[in-house]
Structure formats: C-alpha cells, structure tokens
Amino acid sequence: MIDRRQFVQRTCLGGLALYLDHWATSPAYGQDLIPPAPPIHVNEPAGSERSPLGMPGLFPGRVVEIQNSQAILNNRVSEPVIRQMLERALRELTATEDAREAWSKFVEPKDVVGIKINPSGAPACCSSPEIVREIVAGVHSVGVPLQNIRVYDRYAYEIDIGSYQTLVPVGVRVVGVEDRRLGVSGYDPDIYCEANFFGEWETRSYMASIVSSGLTKIINVPTMKDHSAAGVTGCLKNLGYGTFNNVDRSHRRPFSFTDPLIGVMCSVEPLRSKAVLHVMDGMRMLWHGGPLSQNAKFIFPAGILMVGTDPVAMDTIELEKIEAKRLAERAPSVWSRDPKSLTENGGEFYEDASKNLYYRQPHHIAAAGARGLGVSDVKRIDHRVLGAG
Amino acid sequence: MLLFDNARSGGQPPRPWRAPRKSLWQTRVEGWVRSAPVLQAGLLYVASQGGHLTALDARTGKERWRFKSAAPIHSTPSLSAGHVLVTSDDGTLYAIDSTSGAKRWQLTTGAEIWASPIVSNGTVFVGDADGRMHAVNFASGAERWKRELGGKVCSTACVAGQRLFVGTGDANVFCMDVTAGEILWKTPTVKGIDSSPAVANGTLFLGSLDFFLYAMDTASGAVRWKYEAELGISSSPAVSGDLVVFGCKAGMLRALNAQTGKLVWAQPLGQAITAPPVISGSTVWMQSGIVHALNLADGKVLWWARLGYSLQSAPAITDSAVYLTSMEGDVYALA
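Protein chains in written order, with the numbering used here: chain F, 1 to 389; chain R, 390 to 724.
In case anyone wonders, no lab produced these hints; they're calculated from the structure. The beta-carbon is built from N, C-alpha and C at its ideal position, and this holds for glycine as well. Where hints are given, some of them may not hold.
[What the hints assert, rightly or not] For each label pair, taking beta carbons as the anchor points, the in silico distance ranges come out as: (1) F:Glu101 - R:Arg455: 53 to 63 angstroms; (2) F:Gly347 - R:Val690: 14 to 24 angstroms; (3) F:Gln67 - R:Lys575: 44 to 54 angstroms; (4) F:Thr343 - R:Pro657: 18 to 28 angstroms; (5) R:Gly511 - F:Ser69: 50 to 60 angstroms; (6) R:Gln495 - F:Thr11: 45 to 55 angstroms; (7) F:Pro80 - R:Lys575: 35 to 45 angstroms; (8) F:Gln9 - R:Asp486: 47 to 57 angstroms; (9) F:Arg330 - R:Leu573: 52 to 62 angstroms; (10) F:Pro145 - R:Thr497: 16 to 26 angstroms; (11) R:Ala611 - F:Pro145: 51 to 61 angstroms; (12) F:Ser48 - R:Lys615: 53 to 63 angstroms; (13) F:Leu386 - R:Gly499: 40 to 50 angstroms; (14) R:Glu571 - F:Pro145: 24 to 34 angstroms.
Isolated chain F, as found in the complex (with noise of 0.2 angstroms):
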C-alpha cells in the first residue's frame, strides 16, 4: 500500500546528454539548431512498487500488426471486422487460444479500468469508437463491471466532438479532465513533472487524478499520426501528454522539448505501472498536419491495428510507417532540420506537406527507450505482421 501522502523526487537529465549517440547517428542532424533541454524534477509516490504489468509490460519489443482493407470503407470502420483483428491481435501477443483468455492477462474483474484515447484530431482523425467498444467488450469478458470501465482524455470538448459519450455501451463511464484550459480541478497537486524550459511562468505539469487514484489499469488508444512537433503522436505521447496538464509550453516555434518530456512523463508512478497494454488505431493513417489536421488529403484509410505492451516498440513501427508514407508522398522526412520547410502560418502547413510548424523530435522514442520503457531498436523489435486471413 502507497502511503499517498510520502513522496520523492528525482531529476532527469535532457535528452541531448542522454541521448548524443542517437542525435549523431541521425542523418539529418547535421545543423540541428534545438537547444539542450533543461533537467526534469519528478515528484511522484515514494516506496512504490513497479508492476511487472507496467510499461514496457508482458511481451517487451513485440508488435503485433494486422492490416484489413474491409477494416475501413467510405471512411466508416466496421465495428464486426475490428473485434475479428482486434481478437486475432491480441491471442497472437499473448500466445492464448481464447480471446478472453488474452484479456485476462492484462485486466481482472476487480480492476477499474481507463481506456486512454486520442480524441484530439475529432471528427476526421481520432481513436474510432469501434475499437472503444470492442476493447470495453474485451474487458467486461473478464468479469470487469461495465460501470468500472471509464473512457477519458483530458479535454472534454473534443470528447464531445467525438460523440463517446453516445456511442460507448450503457454503464461505461465518459470522462474528460478538463474543458478547454480550464484549470488544475482535475489534476494530482503532489505528482508533477518541472522544469522551465522557455521562461514560462508555471513550470509543473500535474497528473490527471483519474490516473493517479481513480484507476488500477489503463488501456492506450492513440492513434496513427504525424506530429508537427514530436515527429508522430503514438503510444508515448497520448500516454504522456494526455495525462499531465500544461504541456503545450514545451513547444515554442521552432523548438520543442518533446524529448524528453514525453519519456520522462511516461516514466513516472504510478502512470508507468497501469498502463499495460496499448492498441494503436491505424484505420485513419494521417500522414501530415498533426495532431489536429482535418484535412482529408492527408489522412489515409490505412485499416491497421497494432497492439502490445511496449510502447517504445510499436511507435518505432509507427515512426517507420509515417516516414515511408511521407517519402511515398514526396513530403520531407520527419527527421528533416531543413530551417527552409518552417513557417509560422499554421494555415501553410495545413495545406502543404512540405512545411511544418517545429523541428520535428522523432527521437523522443528511442529517448523514452533509454529510459526503460520499451525497445526503440528495429533490429530487436519482434514485429509480426498478421494478413486479413
């Protein structure tokens, strides 16, 4: 049992000390112009135990990826054929027989259960409320109470855009933070992430309280995106950036503190422990203008499913998807520092794919692999991909 009230903080370095090699390895890092990010104090429960369910979880480096055109038609998911992938999926991952049996890994009917999506791009690209309604049927298989099971992201305006709150089953619960900006009512005052990275006048970002006390397990929902500050927007950042308030101050045009921020958040307790599997919405694939963009010529009907336990693992498989359909597309790396394809009008970069609003940071991955929480090399990655069969 955590005493709530004894805490501890620890300190973590910026990315750039942690992470030299990788910046050296990357080819696009000759000119890179971003400043070293500050150190980042943690406060967070002291004496608390890891789960060995928490990230990186059961199945570390194993992805599991299935790909079914039938998934998406005129831009509506089939909800019959994701419980077919998202069944399938999941026994490959956990080597069962019994799509039950694979829930059963990860939740128990005492659990109270959040289910973390990515409503942030609502209406055109955000986590399908088909995959939410299959997972809430996975997890009251197990004998979890549907009155135990909550759907939540911080912003509840764009919950609403999404129209959750209607279409997930009766007695499952729809929980948004906070309103736009509204303020801190729904956040953790002991568990907090500080640091200053650009003068700004609040230095902490709070944990969601429905993370730190109102649930035992978390499923992460994020989605399929390009992300015009972190590179792409995947398991870590919906994790890390949905559950801590006050993190757009880690962007200022041009820069971004993405990394580390992201990997440090997804770090800390008792975020780390609950959050035991993630399933990664790839139906809408958007390739440019994230995370917010609703423009339909950069969204791509992809139909594919991934799901694990490591984070670090399935966004490295995310990265390399985004990237190749970047170059398929003829549209700037993610990895690119070319100061020539930045601009300031947000209007630009919503119509044009070779333009962006920061240096992208794609390697906040392999930084928040550094940090224990999963594998960010591909060599070593267990990526199995399943066909529609």
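Fit chain R to the known structure of chain F by using the hints.
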C-alpha cells in the same frame, strides 16, 4: 418546448434580415458552457459546466439570480409555464422558478443526463445515460413511467400528439406512446444517435453518426428518404417550410427539400458542426466555432463573426437582439 416547436425552428419571430452592428453588453458566467442559452420574458438563461443556471437580464446582462446544481450541466435548459427545467451530470432533473430561481422540485434518475428535458401536456420527458426514458409529472416531479431503451440517450426527445420520439446510442430511433411509454415502433440506423429529432408534417427528421440524415414516417417509422453526408451527424435538424437544415461533423451545412431529400444548397463553414441550426425568418444562424448567419433560401453567408467560439451552442434571437454564448462562458448580446 426546446427550440420552440417540434420543427426545432428556434421559435424566433420572423424578422427581416439585419446584420448585428454593435454589442449591447457582454458578460461571463461561472464555468464553461456547452449548451445553448434560452430566452423568455426578458430573461436569458445560461447553464454551465460549473453547475450553475444563471438568469441574466436580457436588456443589461446583469445577473438576476443563479441556481447551483450539484454537478455540471451539459444540457440546454427548457422553459415551460414559469419554470426552467434543467438536468445535470449526476442524473438530477430540476424544476426552477423562472423569476426567482427557487427550486420547485428535483428528481434523481441515477444516471448522467446530457439530453434536455421537454414538456408536453403536463409531463416532462428526458432520457439518461443508462438508456432510460423518464416521464415526470411537471407539477410535482413524481415519476409517471420510465422505459429501458438499450442505448445511451443523449438525444433530446420530441413529442407530436400522443407520440414521443427519440434516438439512442445503440443506433435506434424509438416512437413511444406518451401516456405509458409503450414502444410503438423502433427503426434502426447503423451507428449511434445523438442528434435530436424534428417533426413536421408527419415526418421525423434525425441525423445519425452513420453519416445519414433520415426522414421517417412518424406513424410507422418507415424510412421515406435518407441523405448521406461526409461524416457523422450530431447536429439536430431544423425545419422551415419545405426545407430541412442540418450540419455534419465535416463542417458542411445543408438544406434539403423536406419532401424529397434532394439537396437545395450546401455551405462549408470550416469547422465541425455539432450544434443545431436556428432559423429566424429568412435567416439560418449556426455556431460552429464562429457564428454565421446565412440566407435560408440559398445558403449564402450574410454575416459572420469570431464571437461565441463554441461547437455546442446555438444563438437565441429576438427581433432586436442576438444572444450568444462561448465555450469559455462569455455571453454576448448583439444588436
């Protein structure tokens, strides 16, 4: 009746188009606003996520009274016979005296309520997130009947004659008898429904998250026609004459011929549309991030303003003023 009548026409007096030119007043209520303001007898009622129902003097913007509920309020208040009816996230339905702000009665349903209550012939009807439709005695607050519908009810119901219509989160449209809640017919769509129905001339109009706007026979539930949009439809349709007007989440506002379902005009507004359009005479008002006024006949944009940023609110209109709320809780009166 929410938005005045079963056609959800907004109940605004038909007035010749005149663009707002100045701000009469501006104020801010406590808490964020994810519902529409309603206006009656010189008072503007605004419900907020802070759990407050605030009555403002429509002429000055001064607060007349404020009622505090125990939980956030998502729904647009309803007005009937000197009462404001409002629901909250803890599942409570309140009847508040519209002039004093005093609570007359409350009923706890046990589940979140996001739909607005409506009143017809002395009965209040409202659905909840546990999939139940409640009928409540307007005078006493006593429950008359409740009916399990299966999916979450975020759609605000509509009454026409002895029939009650509502959509549910498990994709069905229900028609019930108002006296006992007996289900008279049920018509499925393909995805959940949070749009609220409008009824005009024996036809029910309703959007679905399956991307279609449906026109159904109110007697049988048979689909007369359906029209496909680019994305899901949460916006509740409004009917005026031969036109049914609705928006979709792709940001397109459309007017269809109510009889045939044929497109009359379409106007992109740039942001997802989830709120209902409001029709006032020859003008359609639509809040979708910013506020637009369009010509009802052809969809031409007459006026727009970066005021009242909201995706869930709808303006209240009189012959002399337009009232708007923003998501952040700002309230504007324009003339």
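Results for each hint:
no.: 1; hint: F:Glu101 - R:Arg455: 53 to 63 angstroms; in the structure: holds (54 angstroms)
no.: 2; hint: F:Gly347 - R:Val690: 14 to 24 angstroms; in the structure: holds (19 angstroms)
no.: 3; hint: F:Gln67 - R:Lys575: 44 to 54 angstroms; in the structure: violated (36 angstroms)
no.: 4; hint: F:Thr343 - R:Pro657: 18 to 28 angstroms; in the structure: holds (24 angstroms)
no.: 5; hint: R:Gly511 - F:Ser69: 50 to 60 angstroms; in the structure: holds (55 angstroms)
no.: 6; hint: R:Gln495 - F:Thr11: 45 to 55 angstroms; in the structure: holds (52 angstroms)
no.: 7; hint: F:Pro80 - R:Lys575: 35 to 45 angstroms; in the structure: violated (21 angstroms)
no.: 8; hint: F:Gln9 - R:Asp486: 47 to 57 angstroms; in the structure: holds (54 angstroms)
no.: 9; hint: F:Arg330 - R:Leu573: 52 to 62 angstroms; in the structure: holds (58 angstroms)
no.: 10; hint: F:Pro145 - R:Thr497: 16 to 26 angstroms; in the structure: holds (21 angstroms)
no.: 11; hint: R:Ala611 - F:Pro145: 51 to 61 angstroms; in the structure: violated (38 angstroms)
no.: 12; hint: F:Ser48 - R:Lys615: 53 to 63 angstroms; in the structure: holds (54 angstroms)
no.: 13; hint: F:Leu386 - R:Gly499: 40 to 50 angstroms; in the structure: holds (43 angstroms)
no.: 14; hint: R:Glu571 - F:Pro145: 24 to 34 angstroms; in the structure: holds (31 angstroms)
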